[in-house]
Amino acid sequence: MRAAICCGISSTMLGSATRAAELRQSGAAKAGAAAQQSSGVAKNEPAKVVTDETGRRVTIPLEVKRIVSLAPNLTETIYALGLEERLAGDTDYCDTPPAAKLKPHVGGAQNPSLEAIVALHPDLVLATTSINRIETVDGLAKVGVAVYTTHPQTVRGMLESTARIAGLMGAEARGSALVAKLQARLDAVSARVADVPLVHALFVVWEGPLITIGQNTFIADAMRWAGAESVILSQQKWPRISFEEVVRLQPEYIVFASDHAGFGAEELGALRSREAWKQLRAVELGHIAVISEEINRPSPGLVDAIEQLAREVHPEAFRELENGKVKMENGHGPREMERANFGVQELRGLKPRDLSANGLSPLKRRPTNQERAAEALRAAIKPGSTAASDACAGATL
Amino acid sequence: MKPLTPGRILAVCGLLLAVLFVVVVISLRMGAYPISISEIVMTLFRGVAGQREQIPSEFWLVVFGLRLPRIALGILVGAALSTAGAGFQALLRNPLADPYVLGVSSGAALGAIVSLVIAPHVPGLIQIAAFAGAAATITAVYFLGRRGGQLDSPTLLLAGIVSASFLSAIIMFLMTTLSGRDIRGMAFWLMGDLSSPAAIDLRWLYFILLVVLGSIYTTSSDLNLILTGEQEARHLGVNVKRVKLVVYIGASVLTGLAVSVSGAIGYVGLLVPHVMRMLFGTDYRLLIPASALGGAIAIVIADTLARTVVAPTELPVGAMTALAGAPVFIYLMRRKVR
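Here the protein sequences line up with chains A and B, keeping their order.
Going by my numbering, 283 is the number at position 283 of the first sequence; the sequence numbering is gapless.
Going by my numbering, 267 is the number at position 267 of the second sequence; the sequence numbering is gapless.
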């Protein structure tokens, strides 16, 4: 019986998202207790009480000298901020940048040793709803360790988290500089793809069973920044879909993350030889984008992945960068011809502008460069204002 | 086989208690935080004497905040599961019976999942819902497993197994519809995990454990007679119906208690009673306390290994019990056959 249940789980594990909602609720319930207990570590040091992105109140020393990161995206953020000297430890999964592998490890992100964390004498532990278990956060709070949990849901949420982490560590200036730089790069990408139609793509989280992304994941948001929209419209985080549905929808592009089961450029041939996949026009045409695994992590590296994806799915928008030619007129490039042949929009009966009715189209909603930077900074100063619902887990796994 | 005297029972229990104590001290010593035996003894001594301010705060944290609560939880769960296993093996007169054979763990798992669906992560709710699920299951199985107004072992066993598969099917259904939610915590829970501190005060749990253990123990000499045959026992004046009911409820409560705080830790409830039988004989007057202590020892060892073999990552203790338990069991079984 147990074995049967476990099978059920392991196949659903990938599809599992987080318990952000759970975190928030328990955060409210435990707020008082956690705030009291966490003063146990920072005994006589001056401390401040902040509310983390899940609504938990955390007492953090004013000067954070030692930090333990419990997730790869958080480790990467700390390195991106140039604050790695203060990173006392991270998890077995933290491999980016490579130097992170040399830090003392406290175990896996889902089952770290609480003792190993305590042994590193951290002033602050960073966790995230997308991969850590709430039991870990509860356990640390119970023994008086300050844990700040991030909950990035979108690309902008990632920028806000980055600024907040910098703020917690007393490095606001570095935080706003990094955020402004990332924002400028994002704006450059969105300016290029602003006038071309959204590409309808299938993001493959896992092949067997076929798992893709829902609309409310940060990956879907990142894809929209790159001018791509997931063909699957689902409120689930990591919906398991039937291949028939993909054949029916005929996505224009199929997007893989490069770490996915050793997926590389040569796998295109393999895909073409597979009975099911070769029915897809995207496979026939070689419209397969293999992008950096950074797409799976809400960290500053996500911007690299967005740039890469935009180049893959909108080569015409970036053409003059490569050969100095002027950007082609919309709808007249070779890619547009192919797209017309697809008739994809008729097939799926959903045009990009339909998405804006759901408030989902970033083409309409994208604010200007300055607005966004200002917004991110405002949000960074006022924590605890992130949007609801769950974050990514399957992808990071 | 030597005759069973109160002296022998005390001697065996004393021996097992001593082993448990040694295992606990070793377990306290092991872990990611470096701390020596003398420092542990010092911390324990001062902690018991109430001189908390003289202990370095991190020693206090590691010993009293992290390791000791986990060991205490392990002892509770191990004792509960092994006693329940011994009880079910007698009640069902089946050597394959374990605490989960009647569907208690499936009921608890269903309760836990339903609580995750309805009120995601309210502290302590998962445990209460799991216990409620276990209680509902054992009640249903009790009524399904009666024949002629009293518990009939084969009927009870069948009712339990059928209920378990039915509940598992519901669990799987909920799991698939839940794919957008977090099932990570649930996965650990189903494998059996002691790393999450219990949300319910351990003193209450120990109180329940001791009361139930005591009531099961009152039936131990009757259980010996029932094992020779229900008719014979009845002729000798045993109230078979009452004994079965006490053991059924007691073992089920113990299982529900263990499952709700630690998830479904496998193997211990099946193996430990058999090992104790091989070592100390089949008399339930000795077997029940020996199983309780043996189960506690087994879980503390398994959990110590679970948190140290791939340190600093922690394994679910359920994986460890099966991994370490099966070879020990096979060894003892083969030795007995010879």
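Mixed in with the good hints there might be a few duds.
[Claimed, not checked] Pulled a few chain A residues facing chain B out of the computed Cβ check, cut under 8 Å:
1) D92
2) T96
3) P97
4) A99
5) L102
6) G107
7) N111
8) L114
9) V118
10) V143
11) A188
12) S190
[Unchecked claim] Using C-beta positions, here's what the derived DEER-type ranges look like:
13) B:S36 to A:A270: 33 to 39 Å
14) B:K241 to A:E245: 54 to 60 Å
15) A:E85 to B:M278: 37 to 43 Å
16) A:P104 to B:Q51: 30 to 36 Å
17) B:A136 to A:K48: 33 to 39 Å
18) B:R334 to A:A270: 26 to 32 Å
19) A:E245 to B:V310: 36 to 42 Å
20) B:Q54 to A:P104: 50 to 56 Å
21) B:M42 to A:K48: 54 to 60 Å
22) A:G82 to B:I128: 45 to 51 Å
23) B:L4 to A:K101: 55 to 61 Å
24) A:E245 to B:M30: 32 to 38 Å
25) A:H121 to B:L4: 27 to 33 Å
[Unchecked claim] Residues of chain B clear of chain A, computed beta-carbon distances all greater than 12 Å:
26) W204
27) A233
28) A306
29) R307
30) V310
31) P327
None of these hints come from the bench; they were simulated from the model.
Ideal Cβ placement from N, Cα and C applies to all residues, glycine included.
Hints, verified against the model:
Annotation: interface hint on D92 (chain A) holds; nearest CB of chain B at approximately 6 Å, less than 8 Å. Of the supplied interface hints, the one on T96 (chain A) is violated, with its beta-carbon coming no nearer than about 19 Å to a beta-carbon of chain B, more than 8 Å. The interface hint given for P97 (chain A) is broken, as the beta carbon of that residue sits about 21 Å from the closest beta carbon of chain B, more than 8 Å. Because the beta carbon of A99 (chain A) sits about 19 Å from the nearest beta carbon in chain B, more than 8 Å, this interface hint is broken.
Interface hint at L102 (chain A): violated, since its Cβ lies 15 Å from the closest Cβ of chain B, which is beyond the 8 Å cut-off. With a least beta-carbon distance of about 4 Å to chain B, the hint placing G107 (chain A) at the interface is held under the 8 Å criterion. Taking 8 Å as the C-beta cut-off, the interface hint given for N111 (chain A) holds, the closest approach to chain B being about 5 Å. Residue-level restraint check for L114 (chain A) holds (minimum Cβ-Cβ distance to chain B is 6 Å; threshold 8 Å).
Against a cut-off of 8 Å between C-beta atoms, the interface hint on V118 (chain A) holds, since the closest Cβ of chain B lies about 6 Å away. With a cut of 8 Å, the hint placing V143 (chain A) at the interface with chain B holds, because the nearest CB-to-CB distance is about 4 Å. Residue-level restraint check for A188 (chain A) is violated (minimum Cβ-Cβ distance to chain B is 34 Å; threshold 8 Å). Nearest Cβ of chain B to the Cβ of S190 (chain A): about 28 Å, over the 8 Å cut. The hint is violated.
For the pair S36 (chain B) and A270 (chain A), the beta carbons lie near 56 Å from each other, so the given range of 33 to 39 Å is not met. A hinted range of 54 to 60 Å holds for the C-beta pair K241 (chain B) and E245 (chain A), which are about 58 Å apart. One distance hint, 37 to 43 Å for the beta-carbon pair E85 (chain A) and M278 (chain B), is violated here, with the actual separation near 58 Å. Hint check: P104 (chain A) to Q51 (chain B), Cβ distance near 32 Å, so the stated range 30 to 36 Å holds.
In this structure the hint that A136 (chain B) and K48 (chain A) lie 33 to 39 Å apart at CB is violated, the actual value being about 47 Å. Checked against the hint of 26 to 32 Å, the pair R334 (chain B) and A270 (chain A) fails, with Cβ atoms roughly 49 Å apart. Our hint of 36 to 42 Å for E245 (chain A) and V310 (chain B) holds, since their Cβ atoms are close to 40 Å apart. The beta-carbon spacing between Q54 (chain B) and P104 (chain A), approximately 29 Å, falls outside the hinted interval of 50 to 56 Å.
A beta carbon spacing of about 35 Å between M42 (chain B) and K48 (chain A) contradicts the range 54 to 60 Å that was offered as a hint. Our hint of 45 to 51 Å for G82 (chain A) and I128 (chain B) holds, since their Cβ atoms are close to 47 Å apart. The beta-carbon spacing between L4 (chain B) and K101 (chain A), approximately 59 Å, falls within the hinted interval of 55 to 61 Å. Against the hinted window of 32 to 38 Å, the Cβ-Cβ separation of E245 (chain A) and M30 (chain B) comes to about 51 Å, which falls outside the hint.
Distance hint for H121 (chain A) and L4 (chain B): a CB-CB separation of about 54 Å, inconsistent with the stated range 27 to 33 Å. For W204 (chain B), the condition that its CB be more than 12 Å from all CB atoms of chain A holds, with the nearest at approximately 17 Å. With a least beta-carbon separation of about 31 Å from chain A, A233 (chain B) lies farther than 12 Å from that chain, consistent with its non-interface assignment. Annotated as non-interface, A306 (chain B) brings its C-beta within 12 Å of a C-beta of chain A; the closest such distance is 10 Å.
Interface exclusion of R307 (chain B) from chain A breaks down, the closest Cβ pair being 6 Å apart, not more than 12 Å. Taking the minimum C-beta to C-beta distance to chain A, about 8 Å, the non-interface status of V310 (chain B) is violated against the 12 Å cut. At roughly 19 Å, the least C-beta separation between P327 (chain B) and chain A is larger than 12 Å, which holds for a residue marked as non-interface.
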